[in-house]
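Visitor: Got chain A; can you put chain B on it based on the hints?
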Amino acid sequence: MRQARIATFAAGAAAVALTVAGCSPSDTDDDAGPVTLETWISQDMDTLFPGDAGSYDPISVLDVVYDGLVRYDPETTEPYNYVAESIEPNDDNTVWTITIKPDLTFQNGEPVDAAAFARSWNYTADGDNGLYSNYFFSIIEGYDEMQPETDDDGNITAPGAADELSGVEVTDDLTLEVTLSSPFAGFATMLGYTGFFPIAQECLDDVEKCSTQPIGNGPFRVTEWQQSQELTAERWEDYPLEETPGYDAIHWTEYAAGETASWADFQADEIDLSFPPTAEVEAAKNDPELSQRYVEAPGAALTYLGFSLYTDGPWQDVEFRKAISMAIDREGIISSLGSGQATPADSWVVPGGVPGGEAGTCEWCVYDPEAAKAALEQAGGWPEGEKLQISLGDDDAEVEYFTAIGNSIEEVLGIPYELDILPSSDYFSTRSAQGFDGAFRNNWFPDYPLNENYLSFYAAGSEEDSQFGWYSEEFEDKLDEAAAAPSLDESVALYQEAEQILAEEFPTIPFRWSFSATYYSERLDNVVLNPFSGAPILRAIEITA
Amino acid sequence: MGRYILRRAVQAVGTLLLVMLLLHLLTTVAIQLNGNPAQAFFGDKVATPAQIAAVEERFDLDDPCYDQVGNPCLGPFVERLGQYAQGDFGTNLRGREVADIVATAAPNTLRLFCIVLVTWLALGMVLGSVAARWRGSAGDHGIRLTSVLIDAFPVFVLLIVYRYVVAVPLHGWAEDTFGADSWPPYWFKPSFDPDHPWATVLVPGILLGLAGSAAFIRLVRASQLESYQGDHVRTARSKGLVERHVVVHHVVRNSSVPVVTAVGLTFAEALGGAVITEGLMNIYGMGGVLWGAVRDDDVSLVLGVVTLLAAVTVVVMIVVDIAYALLDPRIRYE
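Just so you know, the protein sequences line up as chains A and B, in that order.
The first sequence maps to residues 1 to 545 in full-length UniProt numbering.
The second sequence maps to residues 1 to 334 in full-length UniProt numbering.
There may be inaccurate statements among the hints.
Claimed, not checked - Simulated restraints, written as ranges between beta carbons of each label pair:
(1) Asp195/B - Lys209/A: 19 to 25 Å
(2) Gly43/B - Thr223/A: 44 to 50 Å
(3) Val78/B - Thr76/A: 55 to 61 Å
(4) Glu504/A - Leu21/B: 56 to 62 Å
What the hints assert, rightly or not - Partial pick of chain A residues on the chain B-facing surface, computed with a CB cut under 7 Å:
(5) Gly127
(6) Ala268
(7) Pro288
Said to hold, decoys possible - No farther apart than 20 Å at their CA atoms in a straight line, the calculated lysine to aspartate or glutamate pairs in the DMTMM-like style are these:
(8) Lys45/B - Glu370/A
(9) Lys285/A - Asp269/A
(10) Lys45/B - Asp44/A
(11) Lys101/A - Asp113/A
(12) Lys45/B - Asp447/A
(13) Lys101/A - Glu88/A
(14) Lys45/B - Asp296/B
(15) Lys373/A - Glu358/A
(16) Lys45/B - Asp144/A
(17) Lys387/A - Glu411/A
(18) Lys209/A - Asp296/B
(19) Lys209/A - Asp46/A
(20) Lys209/A - Asp100/B
(21) Lys45/B - Asp238/A
(22) Lys45/B - Asp172/A
(23) Lys387/A - Asp437/A
(24) Lys373/A - Asp420/A
(25) Lys101/A - Asp172/A
(26) Lys45/B - Asp269/A
(27) Lys285/A - Glu259/A
(28) Lys285/A - Glu522/A
(29) Lys209/A - Asp88/B
(30) Lys45/B - Glu398/A
(31) Lys45/B - Asp46/A
(32) Lys45/B - Glu410/A
(33) Lys45/B - Asp128/A
(34) Lys101/A - Glu259/A
(35) Lys373/A - Asp394/A
(36) Lys387/A - Glu358/A
(37) Lys45/B - Glu400/A
(38) Lys209/A - Glu234/A
(39) Lys209/A - Asp44/A
(40) Lys209/A - Glu110/A
Calculated directly from the structure, the hints in this document are not laboratory data.
We put the CB at the ideal spot given by N, CA and C, even for glycine.
In isolation and in its complexed conformation, chain A is listed as follows:
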């Protein structure tokens, strides 16, 4: 008995030792093998279903697995037709005729035709399915009939009456006619977004399976996804279109702590693209060899400060909001925190990142302590003994930023502040229930590159429905006018005018733009960041030997 136990233990230990020390790893790349791009994603990616994928990681994976009707120019971010042969609006931008290139197929052989788009859009637009990208389709006629009915407590009382968008009509195999519920000149720009990708019938038949094993129409096929650990996609040999890179496969390692966690692996040559953790940023910058393999670009996500304009307080006065804005030392805060991985914001639309985005539209986004004090005085000062509450979600980096913002305000204006840090679900529900009292953090990551996308969410229709408690009829009229403009260029110009209204009424204070940067391995070439998402454009990367 005793011997048997010892023997079992010895056998177990030996098995471990053998596995650890055994012959040789089975699948090591040798020189003749496929060329694989090694990159990273975050561990919490949970779906690859186009209509349900709304965050950075699935979007960057789906960008090589699926092709949309349009893709975006990496320099100007303007859309150009890709799967679409043509996209033509009628005179008032309400009816759009989309023609699809012939002979395209999904990776399973099914045709990519008008029906493939219609089935995808109908499924995502169907509110009963509870998908992330559902709200994109609210612009198409028939959307409202597809949403479930709810009572005052937010419980569903009846499912949506319709299962298909009445505004999407398949007129022939390759033609879609889309009727919008209101004019929108920027509709074509939306069509490159993940939520508008087509899906195969096989995918619709088993959505759950398709969420982890997508059937795309893009240059790469997902071959294996060990969820939360790694994802592999191989080049689809029969890919009919032109935008496909020269390498054979992409392997994403999933990191619990995101990109910076991959830095040690990058240094060990196990990963091709990475960015260092804060503590290592300086060392990387100062490495003359490494800094040759570096690209950076301004990001398109805006972090800004809102006010509870639905509660009484000094913030009701625009002069007070100006004072707060001018009291924030954006440059100083950003350069001292996070190794300067951000850009001070002085506009509501990202300058240069999307059509219509210009720097400097916010006149009061410049640090000016004297003017700030004067504006505060004009607004009647801050009530004695009160503290300005600044609410935000629980995130260490953001808490650091907002502590600095609070300090800057206190130093310049003498307004004491208090951070109100909430768990993220609580933060979001409080915000939509208009439950804050004071200032609160907001962040906007645009869905598609058009200045409209930075502005339209301010148009809630009334003060009660706005998360800021702000409503301007003039602003909403301007948005309507822009949406109905005869051309996209004119539309963009009118949206710029709408941004001007925002700049005058000043309901929110822009703080910083995100910033994207990446280091790449010696074997990579032509690493370009998407000016819009900030992600490296995988399709453009070249791998040398």
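Guide: Just chain B now, with coordinates in the frame of chain A:
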């Protein structure tokens, strides 16, 4: 013995139910106070009530009790128990099967624990035995000093230094020396590699084991010292048995009971408690899963994982108790 095991099993089921109810209540209160996770699904986007309602329904959060602070939500709890009884552990907040998550994460954590255990036993038994055998010698003092030093060194410091300072050059060296197509580069890979799980978990496991070994060394030493002074050892010696036989059969074996207890206790802890090691070395394991689930108010996942951990703990404790009887002839269960 049979009746004893049966009694323990019945107790175990009771304990499990109690643990599940407690957890259910805690997570329910968290949702009621923190706001509905369905809202977080949309992040910065402003969702309409219909969208929120649809997402709540999709992820089984649509029971109105989740909006009523203080309501114990026993309905969903009973429903969940029924599903568990049928082997259905439900899905996490984003629709992924809890069983699938556990099936991916648990093996990684178990691998880590295996290495840790081997490290503990190797260091603890060898150094502890040496210290006890030559009590008061320079070796004994040296071992005590070493174990105090190890104990004082936090595991995360050890891991960060290893990962960022040691692993990268070692990995490069191993690749140059042994070739990329050999095992050594994998041992020193800075992160876990799911394709080579044992090789890449080896060093983190040894480091974690090293950090926890101090208590083990002291435990083995103390309990062996007690054995050395026992009557049975004196009897064995006076019978003329050779010293090696006395040490192996009468000292080491008899002093194993506390060691087995410690292994059992730490096993349960290690399953969920290796969060830091898992996080730093990017090992997708139970600790990280549980951490994320609690942070996101993911009721199904928290309950599924903790229920599993509780079940394993209860089973391990029973096994430990039975092991006592096998190791120590004086212990009998009636």
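Visitor: Any hints from earlier that this structure breaks? Give me their numbers in increasing order, please.
Guide: Hints 2, 7, 8, 15, 18, 21, 22, 24, 26, 32, 34, 35, 36, 37 contradicted; others consistent.
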